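Visitor: Sequence:
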Amino acid sequence: MVYEADPNFLEDDVDLDSLEDNLDTLAVLDANPEPLQPDPEAMLRLLTHAVPAQRMLAARAFCEIQEPRAIPHLIDLLADPCPLVRVAATYGLGRNPSPDAVEPLISQLDRDWNGYVRKGIVWALGNCRDIRALKPLLRSLKVEISAVRLWAASALGQAADLSYEAVIATIPPIIEALINDPLAAVRSNCAWSLGRLCRELPSNVVYATAIDALIQVLEEDADLGVRDDAKAALLKLGDPRGIQSIENLESESELPL
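Note that numbering that gives the first Met the number 0 gives residue 103 to position 104 of the sequence shown, counting from 1, and the numbers run on in steps of one.
Some hints could be false.
[What the hints assert, rightly or not] Calculated pairs, DSS-like style, for lysine-lysine (alpha carbon to alpha carbon, straight line, at most 30 Å): (1) Lys134 <-> Lys230; (2) Lys235 <-> Lys141; (3) Lys235 <-> Lys134; (4) Lys141 <-> Lys230.
[Stated by the list, open to error] Pair ranges (Cβ atoms, derived): (5) Glu218 <-> Pro98: 37 to 43 Å; (6) Ala221 <-> Pro171: 19 to 25 Å; (7) Ser106 <-> Ser250: 50 to 56 Å; (8) Arg44 <-> Ser106: 25 to 31 Å; (9) Asp211 <-> Glu63: 38 to 44 Å; (10) Ser250 <-> Asp75: 56 to 62 Å; (11) Ala49 <-> Leu223: 47 to 53 Å; (12) Thr47 <-> Gln243: 22 to 28 Å; (13) Arg138 <-> Ile242: 31 to 37 Å.
Please keep in mind that the hints were generated in silico from the structure rather than gathered at the bench. All values derive from a computational prediction rather than experimental measurement. Where is the CB? At the ideal position from N, CA and C, for every residue including glycine.
Based on the provided sequences and hints, a complete structural model is requested.
Guide: Below, the structure is given as structure tokens:
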């Protein structure tokens with residue numbers, strides 16, 4: 000199971016005090032799970048509205064609408080004084096990925112104090128599928144709060160769409176987090192990403208090391224969900240050693256006590 004990005008996910012590590020004045024607006028927007036499709040022209044105008052709630056409404060609309068004209072405005076909103084506007088802008092850019100957004104997203108990731116915003120940024124950077132995003136995503140996987148590490152782990156799986164060199168650079172940090180991250184959901188996303196990255200590799204030393212890590216997690220991780228995700232990755236890869244390890248574990252579980 001891959002833990003996917005959700006604009007409404009709340010992280011305990013994040014300081015909510017500064018968001019208090021805006022939460023009522025967010026709750027109203029979330030009350031209708033199936034809103035009518037927004038009017039792109041109206042939403043484009045609202046992106047520069049003087050009222051923060053209107054800018055947030057417009058930025059959130061572009062999580063559903065793909066509209067290249069919105070991208071420059073969404074980039075500008077990454078520096079908005081209101082953190083909820085910045086959050087909405089990151090998800091809007093994630094749904095409207097653009098090479099022009101990569102550097103502004105990286106810059107905001109480096110300076111934004113708000114964990115909600117940084118979480119959205121790493122998700123958007125993964126969707127951009129741009130080599131420039133690789134280093135900041137790897138750093139986020141290593142040093143960030145848990146919610147940001149969670150999305151960095153899955154975003155790094157998109158390195159499979161970049162280059163062989165990008166895959167090679169990404170696998171060792173993914174393995175480290177797969178084995179050592181204290182949050183099971185992060186380890187699960189690492190298992191998924193590792194399986195995706197390995198599909199782009201020949202049978203070499205890096206590939207073998209990744210398979211070793213997935214087998215180790217399959218056999219030893221304390222969390223059943225993480226073990227299941229490692230199993231799913233190995234099954235999709237069809238690696239003989241991985242398949243044999245799965246069969247061995249299943250045979251052992253059938254032995255009488």
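Visitor: Indicate, hint by hint, whether the structure satisfies it.
Guide: Right, here's what the structure says about each hint:
Pair hint Lys134 plus Lys230 holds up; C-alpha atoms about 28 Å apart against a cutoff of 30 Å. A hinted pair counts as satisfied when its Cα atoms are at most 30 Å apart, and Lys235 with Lys141 qualifies at roughly 27 Å. The suggested pairing of Lys235 with Lys134 holds, with an alpha-carbon distance near 27 Å, which does not exceed 30 Å. For the hint linking Lys141 to Lys230, the alpha-carbon distance of about 24 Å falls within 30 Å, and the restraint holds.
Between Glu218 and Pro98, the C-beta spacing of about 42 Å keeps the proposed range 37 to 43 Å intact. In this structure the hint that Ala221 and Pro171 lie 19 to 25 Å apart at CB holds, the actual value being about 23 Å. As the Cβ distance of Ser106 to Ser250 is approximately 53 Å, the hint placing it in 50 to 56 Å holds. About 26 Å separates the C-beta atoms of Arg44 and Ser106, a value consistent with the hinted range of 25 to 31 Å.
Take Asp211 and Glu63: their Cβ atoms lie about 42 Å apart, and the range 38 to 44 Å holds. Range check, Ser250 to Asp75: about 59 Å between beta-carbon atoms, so the 56 to 62 Å window is met. Checking the proposed 47 to 53 Å range against Ala49 and Leu223 shows it holds: the Cβ atoms sit about 51 Å from each other. Checked against the hint of 22 to 28 Å, the C-beta distance between Thr47 and Gln243 comes to roughly 60 Å, which is inconsistent with it.
For Arg138 and Ile242, the hinted distance range of 31 to 37 Å is satisfied, since their beta carbons lie about 35 Å from each other.
In this structure, only the earlier hint numbered 12 is contradicted, and the remaining ones agree with it.
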